[in-house]
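Build the full structure now, drawing on both the sequences and the hints.
Protein chains in written order, with my numbering: chain S, 153 to 511; chain V, 11 to 131; chain P, -17 to 118.
Since the hints were made in silico from the structure, they are not lab data. Each residue gets a CB set at the ideal place from its N, CA and C atoms; glycine is no exception. Honestly, I wouldn't trust all of these hints.
In silico contact screen, one side only, chain P against chain S (beta carbon under 7 Å); selected entries [said to hold, decoys possible]:
| id | residue |
| --- | --- |
| 1 | PRO(-5) |
| 2 | VAL(-4) |
| 3 | VAL(-2) |
| 4 | ARG22 |
| 5 | PHE23 |
| 6 | THR25 |
| 7 | THR27 |
| 8 | SER45 |
| 9 | PHE68 |
| 10 | LEU72 |
| 11 | LEU96 |
| 12 | PRO106 |
| 13 | MET107 |
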Amino acid sequence: MSDRTTIPFGPQHPVLPEPIQLKLTLENETVKEAVPHIGYVHRGVEKAGERMDYTQNVFLVERICGICSFIHALCYCQGIERLMGAEVPPRARYLRVIWSELHRLQSHHLWLGLLADALGFESLFMEFWRNRERLMDIFEKTAGSRVIISTCTIGGVRRDIVPEDLEMILRELDALEKALDVAVNGILEDRTVKKRLVGKGVLPAGQAIVLGAVGPVLRASGVPVDARTDGFAAYGELGIEPIVETGGDSYARTRVRARECYQSIELVRKAIANIPEGDVIIRPRGRPNGRAFSRVEQPRGELIYFISADGSTRLDRLRIRTPTSANVPALVAMLPGCEMADVPVITLSIDPCISCTER
Amino acid sequence: MTMLIRRILGNLLAKPATRPFPVVSREPAPGYRGAVEFQQENCVFCGACALRCPANAIEVDRASKVLRFDLFRCIHCACCAEACKRGCVQLRPAYHPPVFERPEFEFSGAPVVASESRPAD
Amino acid sequence: MSEATAHSSAQPPVQVPNVEEVLLDELLDRVAAAMESQLRFVTMTCLDSGANFELYYHFASGSHLRHLHLVLPKGTEVPSISGIYFAAFLVENEIKELFGLPITGIALDYHGRLLLTEGGPERPMLKERPVEKRDV
Chain S
153 MSDRTTIPFG PQHPVLPEPI QLKLTLENET VKEAVPHIGY VHRGVEKAGE RMDYTQNVFL
213 VERICGICSF IHALCYCQGI ERLMGAEVPP RARYLRVIWS ELHRLQSHHL WLGLLADALG
273 FESLFMEFWR NRERLMDIFE KTAGSRVIIS TCTIGGVRRD IVPEDLEMIL RELDALEKAL
333 DVAVNGILED RTVKKRLVGK GVLPAGQAIV LGAVGPVLRA SGVPVDARTD GFAAYGELGI
393 EPIVETGGDS YARTRVRARE CYQSIELVRK AIANIPEGDV IIRPRGRPNG RAFSRVEQPR
453 GELIYFISAD GSTRLDRLRI RTPTSANVPA LVAMLPGCEM ADVPVITLSI DPCISCTER
Chain V
11 MTMLIRRILG NLLAKPATRP FPVVSREPAP GYRGAVEFQQ ENCVFCGACA LRCPANAIEV
71 DRASKVLRFD LFRCIHCACC AEACKRGCVQ LRPAYHPPVF ERPEFEFSGA PVVASESRPA
131 D
Chain P
-17 MSEATAHSSA QPPVQVPNVE EVLLDELLDR VAAAMESQLR FVTMTCLDSG ANFELYYHFA
43 SGSHLRHLHL VLPKGTEVPS ISGIYFAAFL VENEIKELFG LPITGIALDY HGRLLLTEGG
103 PERPMLKERP VEKRDV
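Right, here's the structure in full:
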């Protein structure tokens, strides 16, 4: 095949700040094959999880991903709580929902901004990131840190949110919702943006299931799977309906994330309205013993922890499956047939987090 | 698009969203886990903080009564502050100024209360 | 490990629900059956338990989870399931690399260079590799 060219896309690329390399085989401008290469940021977190005390691991797993640190800690803590038979106080479960949803909101804001930036729509990028700053300030005020908030711990949460701060969150969310209307309208209704997204990187529902896609990628193909429907933390009491789009293309994935922003705002409001009084932490007795499988919904999709413990202070095995590693095979299937110029946008549309993937 | 154009025009007339930093600086929120401070007077060198620290930033030698703290390893999780029964470690809502070299922090000496207290767990 | 058992509490170890034991020669048939019934491949987990490797194959349909559990002595070759579930290629490469478990016929084989680089540690996830508390 003389007219085939192989182009390395990444690991350094102007529109994609994630260290993934895609070896693209092109025929003229059309992608024929894509082979992913990772391994630039492997840190051995799973091995490190066997090194430390199981309570200290909370801080380790939070550092797998800076954008959804709280949800990693939540997944880990729920696994350990299952192993120790610990019952988390109701108020802590509601606080976990509040912080999780705020994390989802800020992650989706970050992604929507990055998407606008990848399309060359810089003012919209600024708009999303300015709005995101409100969320970061909420974290700083309620949790004591902006990015890695370190509030989730085994048996509950380390901090309570006082009523005045809950009021503050509601006020901020009202303002955020207004600002979000403008920004989301700018990305979903704009003609140029639609031209770059509609029909790009189509993933049919059947293929999405077979390839093991998760999160917004799966839901944008019309499959209503959301780990939050399992009812962990307080999601069972609050009720949640997965957000589904049927397009299966980059535009549908953008729509899912934009609509999830509103869903998260509603969930936080509901959680604040229904939050019970009481303790926020219990100290579970004993040590984790046995094997547990823990699953939560991260902004990027389903996050899995498999924990094996033998009753000592250190874990026997800590297996982490992050959503992006489940979405990479789907990405490999989406790319063939698309134009070279669309590769950055399609790659971005799965919301890749390679540091998560490699751990 | 019209919504966004209105917004862009509004931005032209509005003040910038950012602060003119060196002139106006931002105070961290109360409760921010910032600068780590040790109160030497009350420390009994029990080692509870060092035991709980996930980053191994604190080293306590109980025999010779020396506490060493490595700021570059610290992840500001406030585990030490929670572990210390005597309230000797605190995280103040303030930023650490940037430094060029690894700051050395160490203190030692006979404690005010001479009795050795063991960590709770 | 011996210290661990001495410390363990009176409660019996917690088990993962919906785990089915599977033998090596029926593995591919069972995975193909999972594919037939439209289960979504979630991931695989490898555990090093001394003389054996333990492999879990995790599947999901909606919020229902199912796991296949395969125990095999070290050194035994395992056929890849990436011919059935293409999505397994990443995790199979990872297990092959980090544990040295010989998985044969992976759809996209990175030959030990997915996560690790030349001159890096070899099979770091094995239990015999030291885990020190202070090694940073």
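Hints, one by one, checked against the model:
Of the supplied interface hints, the one on PRO(-5)/P holds, with its beta-carbon coming within about 3 Å of a beta-carbon of chain S, less than 7 Å. Hint status for VAL(-4)/P: holds, given a least beta-carbon distance of 3 Å to chain S, under 7 Å. A distance limit of 7 Å between C-beta atoms decides the matter here; for VAL(-2)/P the minimum to chain S is near 5 Å, and the interface restraint holds. Because the beta carbon of ARG22/P sits about 5 Å from the nearest beta carbon in chain S, less than 7 Å, this interface hint is met.
For PHE23/P, the suggested interface contact is upheld, since its CB lies about 4 Å from the closest CB of chain S, less than 7 Å. At about 4 Å, the closest approach between the beta carbon of THR25/P and any beta carbon in chain S falls short of 7 Å, and the interface hint on this residue holds. Hint status for THR27/P: holds, given a least beta-carbon distance of 4 Å to chain S, under 7 Å. Taking 7 Å as the C-beta cut-off, the interface hint given for SER45/P holds, the closest approach to chain S being about 5 Å.
The interface hint given for PHE68/P is met, as the beta carbon of that residue sits about 6 Å from the closest beta carbon of chain S, less than 7 Å. Checking LEU72/P against chain S: minimum C-beta separation of about 6 Å stays under 7 Å; hint holds. This hint holds: LEU96/P has a C-beta 6 Å from the nearest C-beta of chain S, less than the 7 Å allowed. Evaluation of the PRO106/P hint against chain S yields a held restraint, the C-beta minimum of about 6 Å falling below 7 Å.
Hint status for MET107/P: holds, given a least beta-carbon distance of 6 Å to chain S, under 7 Å.
Hint violations for this structure: none, all hints satisfied.
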